[in-house]
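Undergrad: Protein sequence lines, in the order shown, are assigned to chains X and V.
Letter by letter, the first sequence follows residues 606 to 1013 of the numbering used here.
Letter by letter, the second sequence follows residues 606 to 1013 of the numbering used here.
Some hints could be false.
Below, a list of computed lysine to any residue pairs in the SDA-like style, where the Cα atoms sit at most 20 Å apart [unchecked claim]:
{"no.": "1", "chain 1": "V", "residue 1": "K987", "chain 2": "X", "residue 2": "G689"}
{"no.": "2", "chain 1": "V", "residue 1": "K629", "chain 2": "X", "residue 2": "A963"}
{"no.": "3", "chain 1": "V", "residue 1": "K1006", "chain 2": "X", "residue 2": "K854"}
{"no.": "4", "chain 1": "V", "residue 1": "K629", "chain 2": "X", "residue 2": "D965"}
{"no.": "5", "chain 1": "X", "residue 1": "K657", "chain 2": "V", "residue 2": "T902"}
{"no.": "6", "chain 1": "V", "residue 1": "K942", "chain 2": "X", "residue 2": "Q725"}
{"no.": "7", "chain 1": "X", "residue 1": "K629", "chain 2": "V", "residue 2": "D965"}
Note that these hints are calculated values from the structure, not bench results.
Predicted, not measured: the structure shown is a model, and the values here were computed from it.
Here is how the chains run, residue by residue.
There are 2 protein chains.
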Amino acid sequence: MKQISGGVNAAKGFQTACVAAGIKYQGRVDMAMLYSTVPCRCAGTFTTNVVKAAPVIWDRNIVQNSAFAQAVIINAGIANACTGAEGLKYCEDTAKAAGELLNIPADAVCVASTGVIGKQLPIERIVAGTKAMVPLLSDTQEAATDASKAIMTTDTHNKEIAFEFTAGGRTVHLGGMCKGSGMIHPNMCTMLGFLTTDLAISKELLQEALSEDIKDTFNMISVDGDTSTNDTVLIFANGLAGNEMITEKNEDYAEFVKALHAVNEFLAKSMAADGEGATKLFEVKVLHARDKAQAITLSKSVITSSLVKAAVYGSDANWGRILCAMGYSGEQFDPEKVDLFIESAEDGRLQLVANGMATDYSEEKATKILSAKEVTAIADIKTGDACATAWGCDLTYDYVKINADYRS
Amino acid sequence: MKQISGGVNAAKGFQTACVAAGIKYQGRVDMAMLYSTVPCRCAGTFTTNVVKAAPVIWDRNIVQNSAFAQAVIINAGIANACTGAEGLKYCEDTAKAAGELLNIPADAVCVASTGVIGKQLPIERIVAGTKAMVPLLSDTQEAATDASKAIMTTDTHNKEIAFEFTAGGRTVHLGGMCKGSGMIHPNMCTMLGFLTTDLAISKELLQEALSEDIKDTFNMISVDGDTSTNDTVLIFANGLAGNEMITEKNEDYAEFVKALHAVNEFLAKSMAADGEGATKLFEVKVLHARDKAQAITLSKSVITSSLVKAAVYGSDANWGRILCAMGYSGEQFDPEKVDLFIESAEDGRLQLVANGMATDYSEEKATKILSAKEVTAIADIKTGDACATAWGCDLTYDYVKINADYRS
Chain X
606 MKQISGGVNA
616 AKGFQTACVA
626 AGIKYQGRVD
636 MAMLYSTVPC
646 RCAGTFTTNV
656 VKAAPVIWDR
666 NIVQNSAFAQ
676 AVIINAGIAN
686 ACTGAEGLKY
696 CEDTAKAAGE
706 LLNIPADAVC
716 VASTGVIGKQ
726 LPIERIVAGT
736 KAMVPLLSDT
746 QEAATDASKA
756 IMTTDTHNKE
766 IAFEFTAGGR
776 TVHLGGMCKG
786 SGMIHPNMCT
796 MLGFLTTDLA
806 ISKELLQEAL
816 SEDIKDTFNM
826 ISVDGDTSTN
836 DTVLIFANGL
846 AGNEMITEKN
856 EDYAEFVKAL
866 HAVNEFLAKS
876 MAADGEGATK
886 LFEVKVLHAR
896 DKAQAITLSK
906 SVITSSLVKA
916 AVYGSDANWG
926 RILCAMGYSG
936 EQFDPEKVDL
946 FIESAEDGRL
956 QLVANGMATD
966 YSEEKATKIL
976 SAKEVTAIAD
986 IKTGDACATA
996 WGCDLTYDYV
1006 KINADYRS
Chain V
606 MKQISGGVNA
616 AKGFQTACVA
626 AGIKYQGRVD
636 MAMLYSTVPC
646 RCAGTFTTNV
656 VKAAPVIWDR
666 NIVQNSAFAQ
676 AVIINAGIAN
686 ACTGAEGLKY
696 CEDTAKAAGE
706 LLNIPADAVC
716 VASTGVIGKQ
726 LPIERIVAGT
736 KAMVPLLSDT
746 QEAATDASKA
756 IMTTDTHNKE
766 IAFEFTAGGR
776 TVHLGGMCKG
786 SGMIHPNMCT
796 MLGFLTTDLA
806 ISKELLQEAL
816 SEDIKDTFNM
826 ISVDGDTSTN
836 DTVLIFANGL
846 AGNEMITEKN
856 EDYAEFVKAL
866 HAVNEFLAKS
876 MAADGEGATK
886 LFEVKVLHAR
896 DKAQAITLSK
906 SVITSSLVKA
916 AVYGSDANWG
926 RILCAMGYSG
936 EQFDPEKVDL
946 FIESAEDGRL
956 QLVANGMATD
966 YSEEKATKIL
976 SAKEVTAIAD
986 IKTGDACATA
996 WGCDLTYDYV
1006 KINADYRS
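Just chain X, same shape as in the assembly:
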C-alpha cells in the first residue's frame, strides 16, 4: 500500500467538477459534483442526531434501497436541515436534474449539504449549478482538489488523500475527501466525507468495512461536542480495477480495510486539526482499559472537555482537568491506578501522573511538549487489554469568534 496523488479522482472512472453557484457565499466556488462513468456499489454512514437533514434521509434511502449509485451533488452554505417536506423535495429535484443530464436514474444520485440550519436551498441555483458542472467533469488531480475546496465551510484548508493497494493481482485505488471544522462530534460530524475506489467488492462488505472503520476514525474526533444534523460519509466502488469481486473476508478484503483505515484516519485527523479556531491537534490515547467501550468513552470525554481544550491552547499541563474529565465520563475506573503522560514528536514523552498523583515533573518541559502543533496525552488505567485513540483540538478565542456570528 502506498500513498498516491489524485484525491477522489485517483480511482479509475471517477470525475469531479465544481462551480460558484451563489448558494450563500458571494464569489466562491460552493458546489461540487462527483461522478463515476460506471455504476458503483455505494455504502454510507449517517448522523445519529434525531434531527436529520433532508440529504441524510435522501442518501440513506439510496444506500439502503438502490442497487447502485453513480453521482453526488454537494453544496456548502446551507445545510438543508429543519426544512421539512420542502427540503426533501429539493433533494429529489436536484437528483432528478442531475440524473437527466447524466442519463442515470435519480435514485442513483446522492446529495449532500453543509452550512446553516433552517434555511431552504435556493433550488433554482442548485439546479443551474448542477447543469453548469456536468460539462466540466474531469478526472484530474486538479479537479479533485477543486472539488474538495468547494465543499468547505469554515475549514481553513481542503482535505484529500489517496492510496493504492493490490487486490487479486490488480492495482486498486482508493481516494477520499472531506470537510468539517465546526459542529464536529461525529456519531457519525457536519462532516461530509466522500470516498471513491475502483475496487470490485460486494455492497454488503463495502458497508461493513465502512461501518467498522468509522468507529476508530471519524467517530473518534470532536471539535466541539456538537453532533451535526448532516454528518455523512459515502463510499463509491465502481469495480474498474478489474480485481475478482470481493465477496468474503479474504486477504484482498484485509488489504482494502487497511487502505480504508489509512484514508479515514488521515481525513479524520485532518478535520480535528482544522477544528474551528484550532492551533493544535490534540490526540488522547487510553491504554489498558477493561474493554474498547471504556477506552472510547474515557478518551472522548477528555478531548471534549472545554477546560482541557483551553489548557492545551495555553500549553498548560493542568493534568487534573484530564483526570476530572475521565472521572465524569460515566465510566468507572480506579483513579489511583492512573498513569498519565504527555508527548510530542519534537520533545518526547513526560510522565505527569503516577498512580493518580503528580510526579515531580518539570513544568518547563511539560510546557515545551504542549507547545507542539501535535500533542498527545496518554492515560494508562492498568485494568485490561483494550485501548482507543481520540482526536480533538484546542479551544481558542477564534473558535468563539467564528461561532458567535457564524451566519453573517
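Since the structure of chain X is provided, determine the placement of chain V on it from the hints.
TA: Chain V only, in chain X's frame:
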C-alpha cells in the same frame, strides 16, 4: 416567606470568619469558617465524578455517619483532589485542629476545598488559618459576606441570600452562600454551597429535601460541561428557631422546601450567570415533554452546546443549533413538532420555529431579545406534560482566556 439580609448568618446561632492564609493567592482572603454555636443536623450532596476530592470523601462520611456537625473549614486555591492518602490526612488534620479549638469532635467538622487539582494543601497554613479564624467568628451580615467572598476562585462576585418563613408558629431563617464559575456542570458542580437554617428538622427529611431540590436547581446549571471533583452542597440545621421538630412531610416541611428552593435557585442561577467569562445568563425551558427525564436531558443538552453558547454570546438567533443540540442529546422526540421561542424581560417573546421549521420572524427583533443580560429559549415539544428549566451562560473569549492559563 420573604427575603431577608444576613446570608449564612441570618439563621440564629451561626457565625463566620475568614482570613488571608496564603494558600495560593497572595494578599487575598482565601479561607473561611462557618460555625454553629450548637450542634446541627447536617445533610449533603456530592459530586458524582469518579475522581472525588479528599474533602468530598471526608464530608460524605460525616453526613452519613456523624450524629451532628457544627463547623466547616473552607479554602480556595487548591482543590485537594488527586492527592491520595496524604490529601485525606490533611482533611483530618484540619478537622482535628478546628475541633480542638472549638471544643467539638473532629467528626463534626466538615472541610471543603476549591482550586487547582493535584497539588497538596500547605497544611501548616491551613491549620494556622483555622486558628486565626476562631477568635474572629461573628454572626453579622458583614461577616457572612466576607466569608462568601473568601471562597471565590474565578467568580467575579460573591453569591449569598437568605429568606425567612414560618414553621409551627415560629419564624425560621434559611441562608446560603456558594461559589462556582468554572468546571461547573453539577451532578453535583466546583461548586461549593453552604446553607444554614435554625429550623428544627429530622436529619432524614433534611437530606431528602436537599437531595430532591438540587435536581431542579444546582444540577440544572452548566458553565462548561465539566463536572468537578469537588462539588459539595452542605446544609446545617441547628433547631434554634424553636419550632416543633419536623419529622414528617407536613405543612411546615412544605414551607421549608419552598424556602430551600428559593435559596438554591437563586444560588444556582447566580453561578450560571457568573460562569467564567460569561456576559449573559442563558435559560432554557423544555415544555410538554414525555417525562421529566426527557425534559432535563433536552434542556441540559442545549445549555451545554458550545455552538449554542457562542451564538448566544453573538446575539445570533442561530436556532438550528438549538434543535441540533436537542437532536444529539440521546433523547428521542419528533423534530417536526417542535415550537421554539426566545424571550427577554425587556423585549418579550418571539417565535422562531413552528413545527420544526422557521417562522417568518424578524432577525432584528431576535437580535434585540438576545442582547439582554438574561435570555430564555423555550422549546415546546408537544408530547406530554413534563417540563424542566436549565441555566447556563454564553461562551466568550474570556472563558478561553481564563482557562488557557488558569494555574499561573
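Undergrad: Could you run down the list of hints and mark each one as holding or not?
TA: Against the structure, the hints:
1. V:K987 / X:G689: holds (17 Å)
2. V:K629 / X:A963: holds (18 Å)
3. V:K1006 / X:K854: Cα-Cα ~51 Å, so violated.
4. V:K629 / X:D965: holds (19 Å)
5. X:K657 / V:T902: holds (19 Å)
6. V:K942 / X:Q725: holds (18 Å)
7. X:K629 / V:D965: holds (19 Å)
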